[in-house]
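Trainee: Sequence:
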Amino acid sequence: KGAPTRPRLLIVKLALAVAMQKTAGLVKETDFDDVRQWLRRLDLVANYQKQLREACTCSILYWFRSLVPIYFKNVFKSPELVLSLRFMLAALQDPAAVLLKAEHLKDRQALLQSYSKEVNESLEMEIIDPLKKQIEDDLRLQIHSVVLGQDSRDLHQLPTLKDFARFTTLPPLRFFGEILCIRDSVQQYLDLQFYNMSAISQHDWKTYEELRALANEKYGLTLLDVHLPGATLDQGLDVLEITRNIHIFVSKYTYNLNNQLFIEKPSLTQSKNLHTIHIRHIANSIRTHGTGIMNTTVNFVYTFLGKKFWFFSQFLFDDHIKSRLMKDYRQFLDTKEECRGRYPVKKAEKFVKYVRKLPGQQEGTASFLDLFRELITEIGNTLGYVRMVRSGGLRFISDAVKFVPDLSAEVRFEDLVEKSQLPDCTVSAAANLDAILNELGSKFSEGSDYFQAFEQVFRKEMQKDKYQPLKNFFIIVPALTLSFVDHMISAKDKVSKKGKESSFTDDGFALGVAFILKVLRQNEEFDTLHWFTSIEEYYRTYLHDLNTDMDSKRRARKDRAEAEITTMKLTKDKIETAMKEFELLFYAFRSSRVFFSDTNDDVDGEESVDGEGDDE
Numbered sequence: 004k005g006a007p008t009r010p011r012l013l014i015v016k017l018a019l020a021v022a023m024q025k026t027a028g029l030v031k032e033t034d035f036d037d038v039r040q041w042l043r044r045l046d047l048v049a050n051y052q053k054q055l056r057e058a059c060t061c062s063i064l065y066w067f068r069s070l071v072p073i074y075f076k077n078v079f080k081s082p083e084l085v086l087s088l089r090f091m092l093a094a095l096q097d098p099a100a101v102l103l104k105a106e107h108l109k110d111r112q113a114l115l116q117s118y119s120k121e122v123n124e125s126l127e128m129e130i131i132d133p134l135k136k137q138i139e140d141d142l143r144l145q146i147h148s149v150v151l152g153q154d155s156r157d158l159h160q161l162p163t164l165k166d167f168a169r170f171t172t173l174p175p176l177r178f179f180g181e182i183l184c185i186r187d188s189v190q191q192y193l194d195l196q197f198y199n200m201s202a203i204s205q206h207d208w209k210t211y212e213e214l215r216a217l218a219n220e221k222y223g224l225t226l227l228d229v230h231l232p233g234a235t236l237d238q239g240l241d242v243l244e245i246t247r248n249i250h251i252f253v254s255k256y257t258y259n260l261n262n263q264l265f266i267e268k269p270s271l272t273q274s275k276n277l278h279t280i281h282i283r284h285i286a287n288s289i290r291t292h293g294t295g296i297m298n299t300t301v302n303f304v305y306t307f308l309g310k311k312f313w314f315f316s317q318f319l320f321d322d323h324i325k326s327r328l329m330k331d332y333r334q335f336l337d338t339k340e341e342c343r344g345r346y347p348v349k350k351a352e353k354f355v356k357y358v359r360k361l362p363g364q365q366e367g368t369a370s371f372l373d374l375f376r377e378l379i380t381e382i383g384n385t386l387g388y389v390r391m392v393r394s395g396g397l398r399f400i401s402d403a404v405k406f407v408p409d410l411s412a413e414v415r416f417e418d419l420v421e422k423s424q425l426p427d428c429t430v431s432a433a434a435n436l437d438a439i440l441n442e443l444g445s446k447f448s449e450g451s452d453y454f455q456a457f458e459q460v461f462r463k464e465m466q467k468d469k470y471q472p473l474k475n476f477f478i479i480v481p482a483l484t485l486s487f488v489d490h491m492i493s494a495k496d497k498v499s500k501k502g503k504e505s506s507f508t509d510d511g512f513a514l515g516v517a518f519i520l521k522v523l524r525q526n527e528e529f530d531t532l533h534w535f536t537s538i539e540e541y542y543r544t545y546l547h548d549l550n551t552d553m554d555s556k557r558r559a560r561k562d563r564a565e566a567e568i569t570t571m572k573l574t575k576d577k578i579e580t581a582m583k584e585f586e587l588l589f590y591a592f593r594s595s596r597v598f599f600s601d602t603n604d605d606v607d608g609e610e611s612v613d614g615e616g617d618d619e
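Just so we're aligned: the sequence shown equals residues 4 to 619 in my numbering.
Quick caveat, the hints were computed from the structure, so don't treat them as lab data.
A couple of the hints might just be wrong.
[To be verified] Derived DSS-like pairs (lysine-lysine); straight-line CA-CA distance at most 27 Å:
#, residue 1, residue 2
1, K31, K16
2, K120, K330
3, K120, K136
4, K353, K31
5, K474, K325
6, K495, K405
7, K311, K120
8, K268, K255
9, K339, K356
10, K80, K165
11, K575, K349
12, K469, K255
13, K120, K109
14, K474, K356
15, K577, K495
[Stated by the list, open to error] Derived DEER-like restraints, expressed as beta-carbon distance ranges:
#, residue 1, residue 2, range
16, N550, D489, 20 to 26 Å
17, E127, E83, 20 to 26 Å
18, D489, D468, 34 to 40 Å
19, S401, H278, 21 to 27 Å
20, S316, E213, 52 to 58 Å
21, S401, G180, 51 to 57 Å
22, T569, S401, 54 to 60 Å
23, L277, D468, 19 to 25 Å
24, A566, Q317, 45 to 51 Å
25, S394, L277, 17 to 23 Å
26, Q466, S493, 33 to 39 Å
27, C61, L425, 48 to 54 Å
28, E442, Q466, 33 to 39 Å
No residue lacks a Cβ here, since even glycine has one placed at the ideal position from N, Cα and C.
Model the full structure from these sequences, guided by the hints.
Mentor: Structural data, given as structure tokens:
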């Protein structure tokens with residue numbers, strides 16, 4: 004009784020041999036044959052595993068290993084056969100027993116390693132390498148088609164597309180004790196490629212992020228984050244470059260106060276496209292260089308503004324300008340009741356003409372007043388750049404702290420780690436984390452007001468006796484606004500004509516005037532001029548008289564009247580355009596004064612250009 008094990012079968016065979024000798028002639032030979040037949044059957048049952056292994060061994064594949072690359076190539080062409088790879092690699096391990104019995108080599112293990120290396124190289128060459136290229140090309144083509152809004156692949160290629168996801172979802176394979184994972188090999192290749200390309204072209208960071216997301220969705224590949232600073236496609240100038248060349252930047256770009264945007268002047272570039280600088284560009288640069296660049300920018304700007312204020316004072320120190328401003332102001336005070344406290348537009352226009360006739364003024368060139376206006380605009384552009392750097396810094400910090408649950412929570416990770424008795428390296432990492440969180444929290448909450456810092460520094464300097472001629476600066480502001488409005492009308496008119504001098508925004512002038520008035524403490528003096536109310540009343544009166552003349556000409560019905568009416572219409576359009584530009588300037592100036600207002604300041608000191616304010 005019991006299983007037909009090998010020891011039992013051996014005992015039965017020995018017993019049968021003894022029985023045949025002792026019972027010679029007593030037992031028929033046919034009976035012994037039947038017993039032998041049953042023993043062979045029992046032996047087959049007892050040794051079926053060994054016999055099956057010997058019958059199914061694939062050791063012969065070693066002598067036909069030249070067919071292995073062909074098999075791998077066929078599997079790559081037909082991904083539905085990928086599941087057979089596991090069994091094929093198992094079969095290719097069978098020659099190991101034969102190779103380890105080789106007698107012609109002292110190091111039998113070397114023969115086995117050579118065979119294993121050959122199979123691995125075939126697998127790498129025929130399946131893994133082409134698979135990497137195919138998956139990368141497929142990802143790039145899909146993203147390319149999305150970016151361009153069209154499918155970059157031909158229609159006749161669609162039926163030949165293969166399901167390469169079968170390879171990337173295949174479980175790891177084992178071959179001679181080594182783990183072969185096709186998915187990991189593809190991931191490492193794509194990680195390397197995307198990192199190198201992102202490092203070379205950082206403005207394509209978003210495209211490579213989309214490639215990673217698509218690889219995960221389509222092929223189940225989990226690619227690593229490259230941890231490179233992101234950039235934008237139109238990143239343009241870097242903060243460091245702008246700061247180093249701030250004198251060039253403020254003269255080549257115009258500032259938009261509402262959108263916090265700098266636009267390159269068409270007249271100063273040969274390119275068909277204009278560069279723009281926005282808050283997101285500044286935030287990306289701060290992410291690249293760190294928040295320390297903000298303090299560096301402030302230091303550069305302070306030095307630059309000091310030079311600009313020197314040129315600013317030199318213009319007002321000129322005897323022609325200084326004497327004319329004092330004369331105009333005395334006349335305004337003498338006729339203030341007649342003008343109802345409003346600075347006359349005619350007086351500002353006369354000042355503009357007076358400056359054009361000054362000695363040294365060349366015909367056909369920009370007047371000294373226009374150059375002075377451009378100087379103030381550059382000061383305003385500089386302040387606008389500082390404002391943009393501050394906003395970009397806040398944007399960067401807000402992006403950095405958005406994953407921190409509560410910045411106000413007084414939790415020190417270093418203390419928690421020390422209590423847990425973790426290694427020194429972990430304690431050091433926790434201390435670094437605490438320092439970073441503290442720095443981000445302080446910068447996020449303080450919101451440094453650079454404008455007030457500049458104001459205090461330059462105000463202290465301008466209070467010195469040598470800068471007394473600057474006390475009449477507010478008198479020249481009306482003439483400057485006339486120059487600015489003429490400049491903007493001309494620039495906007497050239498936009499439709501695609502002229503090189505075209506522009507549609509230049510809020511640096513309003514910001515510069517507001518800053519200088521605040522530094523010189525002349526806001527109240529300028530408000531007493533009621534300049535914007537005066538210019539509005541002047542234009543409205545002019546339009547009323549013009550409309551009255553046009554009506555009288557129409558009633559006359561004379562041939563000459565038609566030509567005069569046409570001229571009047573053109574004049575009316577110019578006046579309405581000027582009124583609109585003054586209105587835009589008023590709102591830009593009023594918004595700029597908010598940046599420099601104290602708690603006790605009245606930002607609404609100047610009347611509304613629509614006439615809604617009260618006369619002082």
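Trainee: The structure should be examined with respect to each hint, and the outcome stated for every one.
Mentor: Right, here's what the structure says about each hint:
no., hint, verdict
1, K31 <-> K16, "holds, 17 Å"
2, K120 <-> K330, "violated, 98 Å"
3, K120 <-> K136, "holds, 22 Å"
4, K353 <-> K31, "violated, 149 Å"
5, K474 <-> K325, "holds, 10 Å"
6, K495 <-> K405, "violated, 42 Å"
7, K311 <-> K120, "violated, 73 Å"
8, K268 <-> K255, "holds, 6 Å"
9, K339 <-> K356, "holds, 22 Å"
10, K80 <-> K165, "holds, 8 Å"
11, K575 <-> K349, "holds, 18 Å"
12, K469 <-> K255, "violated, 32 Å"
13, K120 <-> K109, "holds, 19 Å"
14, K474 <-> K356, "holds, 22 Å"
15, K577 <-> K495, "holds, 13 Å"
16, N550 <-> D489: 20 to 26 Å, "holds, 23 Å"
17, E127 <-> E83: 20 to 26 Å, "holds, 21 Å"
18, D489 <-> D468: 34 to 40 Å, "holds, 36 Å"
19, S401 <-> H278: 21 to 27 Å, "holds, 26 Å"
20, S316 <-> E213: 52 to 58 Å, "holds, 54 Å"
21, S401 <-> G180: 51 to 57 Å, "holds, 52 Å"
22, T569 <-> S401: 54 to 60 Å, "holds, 57 Å"
23, L277 <-> D468: 19 to 25 Å, "violated, 45 Å"
24, A566 <-> Q317: 45 to 51 Å, "holds, 48 Å"
25, S394 <-> L277: 17 to 23 Å, "holds, 21 Å"
26, Q466 <-> S493: 33 to 39 Å, "holds, 38 Å"
27, C61 <-> L425: 48 to 54 Å, "holds, 53 Å"
28, E442 <-> Q466: 33 to 39 Å, "holds, 36 Å"
When the structure is compared with the earlier hints, violations turn up for hints 2, 4, 6, 7, 12 and 23 and for no others.
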